[in-house]
Amino acid sequence: MTNSELIGTDPGWIILVKGVLIFVICVVATLLSIWAERKIVARMQVRIGPNRAGKFGLLQSLADGVKLALKEDLIPKAADRIVFVIAPIISATACFMSFAVIPMTGKVRLFGHTTAMQLTDLPVGVLYILAIASIGVYGIVLAGWSSGSTYPLLGGLRSSAQVISYEVAMGLSLVAVFIYSGSMSTSSIIEAQNKWWFGVVLFPSFIIYVISMVGETNRAPFDLAEAEGELVGGFHTEYSSLKFALFFLAEYVNMVAVSSLATTLFLGGYHALPGLGFTESWLGGWFTMVWFLGKVSLFFFLFVWLRGTLPRLRYDQFMQFGWKVLIPVSLVWIMIVSTLRVMSQQGAPRVVVVAFTFGILLLVFSATSLVDKNKARIKAENRESLKNFPAPSFPVPSLPGKTLNGAEEING
Amino acid sequence: MADDFSIEKAVEQSVQIPEQSPSSFFTQLKGFWLTFVTMFQVKKVQTIQYPEEKALTAERFHGRHQLNRYDDGLEKCIGCELCAWACPADAILVEAGDNTPEAQYSPGERFGKVYQINYLRCIFCGLCIEACPTRALTMTNEYELAENNRGKLIFDKEDLLAPLRSGMLQPPHPMYPGTTDTSYYKGEVTGTHPSQEVK
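Sequence lines, in order, name chains B and H.
Here the first sequence is numbered in my numbering, starting from 1 and rising by one per residue.
Here the second sequence is numbered in my numbering, starting from 1 and rising by one per residue.
I should point out that these hints are in silico values taken from the structure, not numbers from a laboratory.
Backbone N, C-alpha and C fix where the C-beta goes; we use that ideal spot for every residue, glycine too.
Honestly, I wouldn't trust all of these hints.
Some, not all, of what chain B presents toward chain H, calculated at C-beta under 7 Å [unchecked claim]:
# : residue
1 : V41
2 : R43
3 : V46
4 : I48
5 : R307
6 : G308
7 : T309
This is chain H alone, in the form it adopts within the complex (with noise of 0.2 Å):
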């Protein structure tokens, strides 16, 4: 058996190698004709001029956090620290807060009194948000983070919170009359109430 192993039939059986050697002259040509074809093709040009004109982010992309709000301007966050504890990169600083029924920063019990993420720290792996239990914490598409210097890149809670929308109360503020936390978590509160303004 040992002839089937020959080299004859290896190489009657091999597949043939395309020639190594470089190919001819007008071969070469067809290279110069593509590199001045592209020199006139405007419409293929692949830059952006970035600080004028941005690139579209993927859809889910990761970028600055962002606080939100219930509909009649109270925060999401209860402050329970549970996306500090999720963080890998410890960049989050929770420190919660009590709310008196006159003045509520979010509704039920307790509201995060110092929110802050370190940006220098944050790995933007977002498992802060898939602990947070109130969808306080979700992540925008902002990916524009550069400072000139540390301090301006730990973002407070005002720099976090998302901006009041028309129809929303600067809190603190009482919450929604007859309402629970219970009925702002399940969406049951969708604006606010003349009685909720603070005299």
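Looking at chain B on its own, in the form it has when it is part of the complex (with noise of 0.2 Å):
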């Protein structure tokens, strides 16, 4: 029975149940991972992290949260009261929205009733991620514009244009892991990978994904929205008490979000790893929620690693490496991936799918020569003006061993 057949019985208050089930996940997980990124950073910068708040520094996050919740609640006089206060609802209803099709266990006893984790299986269910991605940026751009502020604005304005790039590139990438499943919806997308984990097949594809992922949520090294150096705090400079700690929630949910679609489009999801399949089988449907964790964490790991190891982008590089470089190489991958999978569908011969994939890769590894070549040739030709340039008419600092006027240095 596949995850969609197991929903589609589901009486209401299971559904209900699963609804209040998936939102405590979400949270604690937000706490657990805040708690955790903040241990990991300090370890890679030789610090120790928090360690006061309960055993290992586990209820740090907690603190904070009642530290922030009972913090006055600011709003600027320059700011548009209705749109404040509703931005930060926006950001965080969205963030927990997506993961209303995310798949997290198979098939699993619940009260009595066999179902599956997953709140609804949509037919679309991956383009009802995007959409729900779309929305939050509303947050993040209403409250940057509500603050009635410059660098709140600022930040707003470059979050919400970084967004969007990069949601272009992370569409394009999944539209391979669409062409090869033949389907949208999240489960179906698990079952296609039983083989093969579309995250080897279409590996390019996977790169994009992390690389836009990363880019969507506003994460270290493209945190331009937030350039604590630049922009103060970004859009939620003006904000304070519950609605600051609501932003924060939803920076942290929407990375386990992209992490669990990540996980479910391109590692298998909930299915344990190749080999371990009889885990699944011995201890029982809820063990997979194991894997889908685990398998989340891998990635959230990944978010605190480049945390810890790569400077911020500067604006014009970070839109150019989304525009120019992410972009055509995910629509080139898309290309190549819709004529092999044409080949494979009207039997094509063996040697001609590998003489196309041969051909494919001598196409790119002449094009990438002759960047190279160009790039060479440019910078001889910047040396060769260089050395014509005529002599300047206006004091230059002496060369080594020479004085102003021309005399040999004595002392030289």
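Once you've looked at the hints, go ahead and assemble the two chains, each given alone in its own frame, into the complex.
Here it is in structure tokens:
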């Protein structure tokens, strides 16, 4: 039985229970991931990290949350009050919504009812997630705009430009998955990865998705929207108390959401690692959630690792990378994938497929070497033109061994 | 001679500037390896768990002041106010009092009756220590000078006085028989005499 069939017979109260469960999982995951991030980044920077509140500092994020909630809630005079209040709500709501279509387990028993840990199985589940992610941007833009202040506005604009640009690359990287699985529903994409994970088969798509998901969530090294050195705190500069906490929550839930999507689309979702499939039948359906969470935390670690290693990009570099590298590369990759797909569907002989692949590889290599040669040529030309540059008529600092009037330097 | 300045020669003589373009992908991977390895190097952690474990200060760190005693318990401070005059931050207040032969606080005629240091003003420059003629005032390595109240940061004489070590007598008491303040100053008094006990 597939997940969609399992879910289809759910009574209303089970749906409600699952909704609450998913919400709880998200919130707890946020608390834990903030703690984990601070701990891991600390160790990468030769520090210890939070270790005061609770065992190993596990309650640190809870304590921070309580502190935030008890703080004074400021609304600036210049702010648009209604939008200012709505913006964090939009942000926080949108990030939770994408979890509705993420399958967290296979077949499980929940209060005597056979079902799967997935709220609903839309036939266009992945598109739904992309749409929800775009709505989340509204929270950021509106927050920046309604604050009535310069830095938040700049941060909001940067953030929206960034998310929109990287969503294009992200959407394109997903197209290859759709072509291969023949579906946009999350559960059938997982089923389609029974033999091979798409992360292996469609490796370039996987890489592009991973890069764009970091851009999409405004995380380091792409955290230009809240570049502390330039924009104070970016779009949430003017926010305090619970409203700020909502943005904080949204950021981390978003990270978990894109990681879950990556798990679902490229790493076989809740299924066990290849060769460990027996764990699913031996330990029951709920154990699949362990696999799911394990894979998600792998991506989460990647987020933290990136933050601990890379410096922030400059805005123009970031945009250039998105539009001039990621998008063209994914377009070319989609062309290749779809050609191969059509070939295999129409029963093209293996020789043709292999020849096509080699041809593509040859093209790629020659293109890159051409680009390199061109770069080298431009550099040589620059050097050449510098040599023929006429001697300046204005006074210049003396060269080694010479004084300004051309006489030999005595002490030189 | 003008052609000696040609850019051509300058280019030939100039030192090659290393390539400014981003390093190759594999070079950048080294950074990821570094952070990953650092994560497991527990011994390298620089954090000091402050309230529980304290970092050692430098040997001659300028911390809280201390008013020292002679070996029989008499205070070294003679109330001369040189420290207060030396203080650039006006943090020290001294009022001298008179000793009597039966009840000496310090050897000689006078002692510091009131001695206050305001740690909200003190800049820990150590000029007071240099000014002190009897080495009564020195600095300790203690740096935990935080309070929730301004009044508590004005340290009185009782807060600043060095504790009585074994063999010392709580002043006031008479000076060691047959000595003058000069013998105290020269370090000739190395302990108490039974007659010094005030009955």
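To see whether the hints hold, each was checked on the structure:
no.: 1; hint: V41; verdict: 9 Å, violated
no.: 2; hint: R43; verdict: 4 Å, holds
no.: 3; hint: V46; verdict: 5 Å, holds
no.: 4; hint: I48; verdict: 4 Å, holds
no.: 5; hint: R307; verdict: 10 Å, violated
no.: 6; hint: G308; verdict: 5 Å, holds
no.: 7; hint: T309; verdict: 5 Å, holds
In the structure shown, a violation is registered for the earlier hints numbered 1 and 5, in ascending order.
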